[in-house]
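Peer 1: Residue strings, one per chain:
Number of protein chains: 2
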Amino acid sequence: MTARYLEDFTVGQRFGSGRLRMDTEQITTFAFAFDPQPFHLDEAAARRSIFGGLTASGWHTAAVTMRLLVETELKPAGGLIGAGLDECRWPRPVRPGDELRVECEVIEVRPSKSRPAQGLIKLRTTTLNQHDEAVLVYVVNMVVQRRSEAGEALRHLTEDRPFGKVVLAGDAQRPLSLQKPNLRTTKAGP
Amino acid sequence: MTARYLEDFTVGQRFGSGRLRMDTEQITTFAFAFDPQPFHLDEAAARRSIFGGLTASGWHTAAVTMRLLVETELKPAGGLIGAGLDECRWPRPVRPGDELRVECEVIEVRPSKSRPAQGLIKLRTTTLNQHDEAVLVYVVNMVVQRRSEAGEALRHLTEDRPFGKVVLAGDAQRPLSLQKPNLRTTKAGP
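Top line first, the protein sequences correspond to chains U and X.
Under the numbering used here, think of the first position of the first sequence as 4, with each following residue one higher.
Under the numbering used here, think of the first position of the second sequence as 4, with each following residue one higher.
No lab work stands behind these hints: they were computed from the structure.
Please note that a few of the clues may not be correct.
Copies of one chain are not kept apart here, so a pair can be met inside one copy or by any two copies together.
Restricting the straight-line Cα-Cα distance to at most 25 Å, the calculated cross-link-like pairs of lysine to aspartate or glutamate (DMTMM-like) are [to be verified]:
no. : residue 1 : residue 2
1   : LYS116    : GLU102
2   : LYS78     : GLU111
3   : LYS125    : ASP89
4   : LYS125    : GLU111
5   : LYS78     : GLU46
6   : LYS78     : ASP45
7   : LYS125    : GLU90
8   : LYS116    : GLU46
Model the full structure from these sequences, guided by the hints.
Peer 2: Encoded structure:
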């Protein structure tokens, strides 16, 4: 699938991602850098916390959601560029061993009034665990190029990605290293 | 400062963080793992993009914002636990060399109707660059313990953090390594 321009999006379109497994090392590595609180860092301290066990930072879940979204067939021309979220909630914590996937649906498509080469799509994005329970839900406003010369100039950006796709859960035995990623190319799920 | 319970928060309270400098290695390392798009990974490709140069993933900015928030004097009892965001926008991109800091203000304080040991505070959080321009603004709903036995049991969680404070910009010459953090203890700024 090549990149999609604003004209290629319609309300009701749905996109699904592959899966990514969260393990303890990923969770604590992310938390150490960005959210160093006991319930994200230490199993014993986490058991005494409101969560009753180790959980991923909500921002880690959000970051992994982005990783999964990049690999979907959504592929807006010019890339996935979020202007903001209308709402965002974390209805349930993510725990070691959880396998996450993302489903999203286009809920609005409109041209920009001020920038004729652009438009906006509104996307409801749900991150689910292996029990199909939502762990993150947000509505994001994304900037998308219109099918025009201006848009065309940016087209190559989404077509020459140098990296492979998301690791499916079955292959994700190694922790996600942020230094030397061991991401293998694989097919995205439904 | 020890942990703050719901009763310790009032509308209008403001908290400020230290500063963290974003460099190219941090930006591309985060992007490689979580947001592998050309404008976050490669300077030449980024120059041809809508951003005109390398920018940090918006989720990286959000993660760094969390890191800075953890180190403020906000320190809710039980930890910083966000239930969700009412709104969130990235008004301006973050570029290599930018120094980020966070300002936040309590805009609502209320007890939980369903959980007597808890309450919620609403916090408007603004992440600013070195030119005092907003790069991320969100309103977050945080779960906070009430001053009660239930809350007291969680108190130690915010008081025995094993790690130091955020690196001030002047010390942040080394890239933020997610494997072996070189975070030095330092005083948080205003």
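Peer 1: If a hint holds in the structure, say so; if it does not, say that too.
Peer 2: How the hints compare with the structure:
For the identical chains of this complex, LYS116 and GLU102 are neighbours neither inside a copy (40 Å) nor across copies (33 Å), given an alpha-carbon limit of 25 Å. When the C-alpha separation of LYS78 and GLU111 is checked against a cutoff of 25 Å, the pair qualifies only within one copy, where the shortest distance is 16 Å, while the shortest distance between copies is 39 Å. Both within a single protomer and between protomers do LYS125 and ASP89 lie at most 25 Å apart by alpha-carbon distance, with minima of 9 Å and 16 Å respectively. Within a single copy, LYS125 and GLU111 get their C-alpha atoms as close as 5 Å, which meets the 25 Å cut-off; across copies the closest is 28 Å, which misses it.
For a Cα distance limit of 25 Å, the shortest separation of LYS78 from GLU46 across copies, 21 Å, qualifies, whereas the shortest one inside one copy, 38 Å, does not. Taking CA atoms no more than 25 Å apart as the test, LYS78 paired with ASP45 passes between copies only; the shortest distance there is 19 Å, against 37 Å inside one copy. In this homomeric assembly, LYS125 and GLU90 come within 25 Å of each other (Cα to Cα) both inside a single copy, at 11 Å, and across copies, at 14 Å. Taking the shortest alpha-carbon separations for LYS116 and GLU46, neither the intra-copy value of 51 Å nor the inter-copy value of 30 Å comes in at or below 25 Å.
Checked against the numbered hints above, the structure breaks hints 1 and 8 and satisfies the rest.
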